[in-house]
Amino acid sequence: MYQNLSSDEILNKLAQIAADPYERAKEWKMETGSKIIGCYIMHFPEELLHAAGVLPIVLQVKEEPITTGHAYYPSYFCGPTRSIVDQAAKGELDFLDGFVGGDYCIQAVGGAEVVGNLLPKVNNMFFRLPVGNQAWTHGDIVTGLKELKRDIERFAAKEISDEEILNSIRIYNKNRSLIREIYELKSVHPSLLSSSDMLSIIKSSMVIPKEEHNEILETLLPKLQANKDSIKEEGVRVFLSGSFCGAPKNEILELVEQSGAVVVGDDLFHGYRYISDNITEDREPLAAIAAHYIDKNTNVPCPTRCDPKTDWPQYLVDSMRKYKADQLVIVMAQFCEPHMFFYPDIKDAMQEAGIPHLLLEISHELDSIETIKTRLEAFVEMAV
Amino acid sequence: MTSKSDGSSFFTMGVDSGSLTGKAVIIDGNKRIVSYSVKQLGFVSQKAVMMAIDDALEKAGLVLDDIAYTVSTGYGRKRLEIAGKNLTEISCHAKGANYLFPEVKTVIDIGGQDSKVIAVDPSGNVKNFAMNDKCAAGTGQFLEVLARALDVELTEIGELSMQSDADIKISSMCTTFAESEVISLVAEGHTTVDILSGMHKAISGRMKGLVGRVGLQKPVMMTGGGAKNIGLVHALEKSLGESIFIPDEPQIIGALGAALFANDFATGNRKKVEEEQDLDKARAPAKDCGTCSVQNYQLNKN
Ligand code: SF4
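Protein chains in written order, with this note's numbering: chain E, 1 to 384; chain Z, 385 to 686.
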């Protein structure tokens with residue numbers, strides 16, 4: 001159905017899906033009569049949920065101001081957790097049949113508790129994902145996966161076979177591979193698609209059936225490849241980092257590009273972090289998923305994973321060189337503890353490597369866009 | 385003032401369309417200031433900007449067509465149609481400060497809506513900067529609101545506050561809360577001069593934090609409308625433990641920097657907008673090319 005559309009038209013469709021992230025899932029539910037599980041937000045084994053015949057979606061932060069949710073979650077918690085609580089409080093998540101929370105960050109744990117209380121009819125599950133990278137970590141993650149599998153089987157009233165998990169892994173691997181191909185293209189031809197386009201690709205992947213998304217990407221990719229030579233490359237090369245559970249606002253991404261920069265790479269969860277690596281298909285599936293958690297964190301370290309064998313600041317220095325980036329823009333969700341904890345080390349590493357960086361601490365309500373604009377422009381002017 | 389007839393006949397202009405004032409500076413081909421003007425007329429007023437431009441042109445005995453290139457800066461920088469290019473206040477203050485005082489390493493700009501601390505290199509380029517990013521606290525606006533609450537003219541608060549040796553603390557940095565704090569201080573019987581001095585201390589405390597984010601490097605220059613407030617300058621010198629250099633006309637430094645950039649653009653010393661577009665070609669490849677998939681991808685494709 002996308003075959004006759006141009007790449008821009010396809011990207012527009014994906015942007016529409018991303019802007020209204022739960023609509024396709026609701027339609028799918030009507031069409032199939034199957035169940036939807038919302039994931040809150042990072043690091044969930046979506047493959048395992050998919051294998052049970054349900055549709056896992058990654059709940060998305062909404063840019064609208066938090067209103068009803070204020071009564072349930074304090075304003076000094078991060079925007080992403082507050083936004084999901086707000087959606088639940090406003091009844092916007094009533095379409096969910098199941099909900100999985102995680103313990104990767106204390107604010108996410110608290111938020112999941114509150115959402116659980118606000119959605120009494122929704123089956124509330126929990127994924128225990130052990131942190132670290134010790135000899136026992138892999139086995140521990142497998143145990144966490146088995147616990148979740150048990151709960152999902154009860155929820156879906158069916159047993160999940162290894163074959164089904166493997167099949168889901170294949171579908172998800174395909175999606176990750178396709179998005180990585182687009183990333184490769186963008187890193188070489190950064191103006192081929194904007195960072196908002198890239199964000200729409202990832203966001204839409206998180207909220208519609210992966211099979212459908214794969215089809216769209218298979219149509220989009222050759223069209224992008226065909227366009228690449230007609231693109232004029234321009235701008236200061238910027239690498240974008242941070243912004244864990246909530247995608248950076250489109251407004252901020254547009255400001256980066258309007259300031260005269262092009263985004264050549266990122267480590268965003270709504271970005272490269274989500275698709276950096278595939279899951280091995282020739283291993284017992286739960287063991288393979290557990291290994292994937294450790295491996296993908298080596299590719300793109302996440303501060304919530306507390307892995308002593310990875311070094312996020314060094315990864316950023318290496319990425320700057322790998323992508324030939326001139327400058328680093330860090331987008332930090334206000335009150336995001338894991339990020340704040342690492343920032344001083346990142347700052348030191350950047351100073352030592354002589355890499356200019358700009359920290360933008362973004363509050364959910366985005367109170368000072370004019371200041372952000374001036375800071376971004378002045379930062380880009382430094383490189384010109 | 386020199387006019388067209390007794391000097392160079394090549395002119396560029398910098399226009400700073402600030403949040404509360406419009407400023408214009410005209411320089412000649414030898415980068416000497418020919419004329420300048422500062423006009424105040426309310427928020428980001430196009431009218432004040434146009435008045436400043438007309439005034440500067442008139443003082444120089446020039447018309448707009450005599451100006452080879454104009455660069456705009458400040459909040460309203462994007463809206464000035466006569467400008468060939470617009471640049472942020474941060475780049476322009478650094479450039480202007482460096483022109484007046486080439487040794488300067490730190491520029492503190494307290495403007496109407498925001499405050500900035502800029503680390504400047506010996507060529508006048510921005511090395512690093514910090515900007516108050518949350519609210520009006522520590523800005524000209526903060527002082528204006530509080531001066532109004534105390535029924536004092538903004539231009540008087542500096543001198544007045546110097547008369548105080550009291551130690552009044554204004555703890556709230558939110559302009560609205562600070563206003564009610566000031567009202568309670570008045571009700572408690574504190575004098576206006578003591579409260580003004582407390583306000584300046586509050587702002588300098590806040591600025592010290594901002595300076596800390598960039599790192600204090602001597603010598604320090606203060607620019608923007610805030611630098612005309614002697615009470616604030618003294619409070620800041622005290623909290624930083626450093627003397628601060630104040631140019632004769634601190635409000636025009638941004639416009640001066642813009643005029644200097646305009647000269648660079650007009651004379652080709654700096655790339656024009658079109659030439660800046662293709663930066664990629666000028667860039668050296670990354671050091672560890674051998675292991676880099678992107679690099680190899682690029683090489684294979686070429
Ligand atoms: S990791 Fe950061 S953004 Fe995510 S839930 Fe925790 S505090 Fe919020």
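Keep in mind that the hints are not guaranteed to be accurate.
[What the hints assert, rightly or not] Pairs of lysine-lysine, DSBU-like flavour, derived with a Cα cap of 35 Å: (1) E/K347 with Z/K489; (2) E/K13 with Z/K602; (3) Z/K415 with Z/K612; (4) E/K35 with Z/K489; (5) E/K121 with E/K232; (6) Z/K622 with E/K232; (7) E/K232 with E/K90; (8) E/K121 with E/K90; (9) E/K347 with Z/K423.
[Stated by the list, open to error] Some chain Z residues well away from chain E (every beta-carbon gap over 10 Å; in silico): (10) K423; (11) L471; (12) E473; (13) D498; (14) G589.
Just so you know, the hints here were simulated from the structure itself, not pulled from any lab data.
Predicted, not measured: the structure shown is a model, and the values here were computed from it.
For glycine and all other residues, C-beta sits at the position ideal for the given N, C-alpha and C.
These are the hints, each one checked on the structure:
no., hint, verdict
1, E/K347 with Z/K489, "holds (21 Å)"
2, E/K13 with Z/K602, "violated (55 Å)"
3, Z/K415 with Z/K612, "holds (25 Å)"
4, E/K35 with Z/K489, "violated (62 Å)"
5, E/K121 with E/K232, "violated (53 Å)"
6, Z/K622 with E/K232, "violated (53 Å)"
7, E/K232 with E/K90, "violated (45 Å)"
8, E/K121 with E/K90, "holds (15 Å)"
9, E/K347 with Z/K423, "violated (40 Å)"
10, K423, "holds (21 Å)"
11, L471, "violated (6 Å)"
12, E473, "violated (7 Å)"
13, D498, "violated (6 Å)"
14, G589, "holds (20 Å)"
Hint compliance for this structure: hints 2, 4, 5, 6, 7, 9, 11, 12 and 13 are broken, all remaining hints hold.
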